[in-house]
Structures are given as C-alpha cells and as structure tokens.
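Each chain is listed here by its residues.
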Amino acid sequence: MSRFKSVVSPLLLLVLWEICARLGWIEVRFFPAPSTIFIRLGVLVQTQEFWRDLALSLQRAGIGMVMGGVPGIMLGLAMGLFKPVRDFTQPLIAGLYPLPKIAILPLLLLIFGLGEMSKYVTVAIGVFFIMVINTSAGVLSIRPIFFDVPRSLHASRWQIYMTVALPGALPGIFTGIRLATGVALLLLVSAEFVGANEGLGYRIWWSWTVFWVDTMYVGLFEIALLGFLSAYLVDQLEKALLPWRR
Amino acid sequence: MTDEPKIALRDIGRVFRVDHGELVALRDINLTVAEQEFVCLVGPSGCGKSSLLRMLANLDKPSSGTLAIRQTDPKRMLSAMVFQEESVFPWLSVEANAAYALKITGRYDRKTSPQRVDYFLEQTGLTPYRRMFPHQLSGGMKQRLSIARAFVPQPEVLLMDEPFAALDEQNKMLLQQELEKLWEESRSAVVFITHSIDEAILLGDRVVVMTSAPGRIKADIPIPFKRPRQLSEIKATSEFGHLYGQIWNLLRDEVLAARARNAASAA
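Here the protein sequences line up with chains Z and P, keeping their order. Per my numbering, residue 895 is the first one in the first sequence, and the count goes up by one each step. Per my numbering, residue -6 is the first one in the second sequence, and the count goes up by one each step.
Calculated directly from the structure, the hints in this document are not laboratory data. The model shown is predicted, which means the values in this text are computed figures rather than measured ones. There may be inaccurate statements among the hints.
Unchecked claim - Below, computed lysine-lysine pairings styled on DSSO-like, alpha-carbon distance capped at 27 Å: (1) Lys211/P to Lys1133/Z; (2) Lys219/P to Lys165/P; (3) Lys54/P to Lys977/Z; (4) Lys174/P to Lys219/P; (5) Lys211/P to Lys228/P; (6) Lys104/P to Lys174/P.
Turn these sequences into a full structure, and let the hints steer you where they fit.
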C-alpha cells in the first residue's frame, strides 16, 4: 500500500502535464507531453549512446561518492570523538560548506583538466562535506552513558570506538548518504554541462543547444528516476544493515 | 575466604572544579565491603554517592585517598555496573546485549558462554525476546536486560546505581525479589545505591547512610534479617520498623541540613 502511495504524486503530475499539453494550454515546443517524451525514450534506449552516457555518469557519481565519502566519514568520526580535532576543523568546515561547489568548478577544471578526474573531484567535494557534518553529528548524538558501559568494563579505546561510536553514528552516516546521493547527481550533471563530451549532463545541455527538446526531457527524466531509485536503494540498505532502528 | 576486605576505601575525597572555585563532593570516606557482602548506600540527593560508585566502576578518580578492589580470581571479571539511566545498546539484540561484557573483555567462550547468556535471560524472563531489539521492550524489560548484562560475566563486584528508580512500584518490587535471588546464587560483593529505605533494608547486609554535601559516612547499620527475605514478611516485624525509623531519622536530618544550606546560598 505504501509503495503504491509513493508513486501517486509523480503519476498525478504526469497526467496533469499530459492533459495540459494535449489541450494546448502549454507550449509543447518547450514542454512536450509526457507521452512524446516516453516515445522518444523508447527510441533512445535502443541506441548505444544512451547506455554509454548513463553508465559513464553512474561511474563518475559512484567514484566521486567513494572519494569524498570515505574520508568524510573518517574525519566526521574523528571530529565527533575528539574535541581538539573538532575545535580545529569546525571553523573550516563551517566556512567552506556553504560555498556553492559549482562556483569553484572553473578552478577544478584548471587544476584537474577536462578529463574524468575533475568530475570525480567535483562530486567528491560536495559529498565530503555532507558526510563530515552528518557523521560527526551522529557521533555527538550518542548518549554519554553508552560510552560509560565499556569504560566501566575496562575496555580499550579501540573497543569503545568499534562497539559504541561506530554503531551509534551509523544512523547519522545513513542520513548523510541519503543526502549525498542527491547532491552527487546534482553536482555531476552541472559539471558535465561545462566540461564533458559524454554523460547525462552533457547530453541534456547538448540537446538543448540543438533544440532537441524531447531528448533533453529524456535526460531530465533519467536523472529524476536515478534520484528516486538511489533513495529507495539507500532505504533498503539501511533497513538491512540497521534492523534496530524504529 | 579471608578477612581481608573485597573493597577498601581509605580517606577518599573528591573535589570538582566549578565556575567560582571548588565543590567538595566527598570527604574522608572510609568504607570496606567484605567478600559476598551486599552493602546499600543511602543519602540525600547530591551527597556524592553516585560519584563514589563511579570511582569504583573505573569511571572517575578520587582527588585524594586510596581505593582498592581486591581481585581473587584473575580470570574473572573484576566489576560490572548497572546504571540508573537506560543503558542497553539500541543497536544490539537482547542476547547480544546480554553477552556484551563477555565479548568486550575477551571472555566469550563459544562453548560455555551461550549457556550463561541463556541462563540469565531465562532468569530475567527475557528468553522470548532474545532476538528483539531494545526499542521493542518496555522500560522494565530494558532494566532487567541491563541486570542480566551485569550478571552474565559473573563479576567479583557488582555496582548498582539506583537500578530500579525509573520503574513503577509493582515492577520494582518484582525486580527487587529477582535481584535478591540472582545474587544469592552468585554472591558477588555488591554496592547498591538507593533512595528507598525499604529497598535498602530488603537487600542489604549493611545500610550505609551518608551525609549531605560534602558527603561523609554518617552511620553504618547492619541488617540482621535472614535470607531469602520477603519484603512483606520482614515488614511485619517490629525490627523492621525500628530499623526504618533509625535510618529515616538519620536521613531526615541530612535532607533538612541540605535544604537549609541551599536556602542560605540562595538568599
């Protein structure tokens, strides 16, 4: 039932859009009817280009997420556990986090060139900050009593980290991953707009410049679907790994 | 068995730094607990009894004096604590929580440990819930689980900080009875903090009364009732009334003294 509910609102939007397009209430040259877009999708999925763009973008987003996520989680754990680390890094994180990552894209292109690395790094930077912030918040939200239990049993620091800090921070880490998948797509598409000649973002921008509006909408639809699927995947992963959450 | 005490506290003092100067929480604490002895600590709020227990549990250090727990069997775990606050790990199942102390101290044995865990889950009535997670349990069940967690490793010393304070009256009475039974079998030395005089008399071999801050030891009262005890039975005796009155008079003076001091400092 709840699975059914989760598709009601997108479906309703599509139906409404279709009606408006058919009745001529919206300019179909810029806002083609969903049925037109799906027909175009049906054509495109038969091309190699479609799948290469998709695979390449997924690869870029995936590698970027790992590149930013792993160090982000590690720094976040260190910040949550050790006050000196927190005092030292907090001002930097607070200052740099709100900077729009897109604004430094020219710099990243200058440093890392037009190749794959500049895409990975763009995604990684955005993911890094989100993971640092959510992981350290996750550690800090652990009630102090949970650290007292192993200490009262004369456990080593390492055991305390592994049996209390890490599992206690996992809900925060998952919140981070959930936000990070969205941000990774966002940043990747933006990066591909400017400095790529393959990939989802590039395809969207290119279709617009040559006025292949239907193809552009297929790209937008793909991104929406990826966002939906990644959120679903993270939810399932969380349910499997953290069965103790309400 | 020797006459040497299990726990020996000598001239313990604890001073906390506060905004303007220092706060003396404990002063001149001298206390011994024998092997297999159950000692209840009562005292007004803020008298430092929790600080004392935290020192015994390796969670705090005295500012002065010496504190020693004599280990008789190096293979056995020295001490385990039952906290007042909810302290079972939400990310571990009921049985994993019960086995936690054994696992983390490297004492978990694939052959014998599961039986020990089973036994104490059975004793605390948690066997049907063993695969569940704490958020599926009631408050009373969670506290039973933290008692099981402390008993499973059979520590030489059990430290309990008002373990039943957050529970309703009926659950509290049942758990007191169950705790006494479990302790009769294991006979660890116990230091048990409580606000309830009934509970102290029911469980303790001795009831130690502390003064209001700075905490000192005011009286040390032996409880003569034979075990196993039933609260309803011992309550009917005149001796119970006498002990209750004695402890309450000692405590009341301290609570009133604390109140007067607070009023003076507020004025």
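Structure versus earlier hints - violations, ascending order: Number 1 only.
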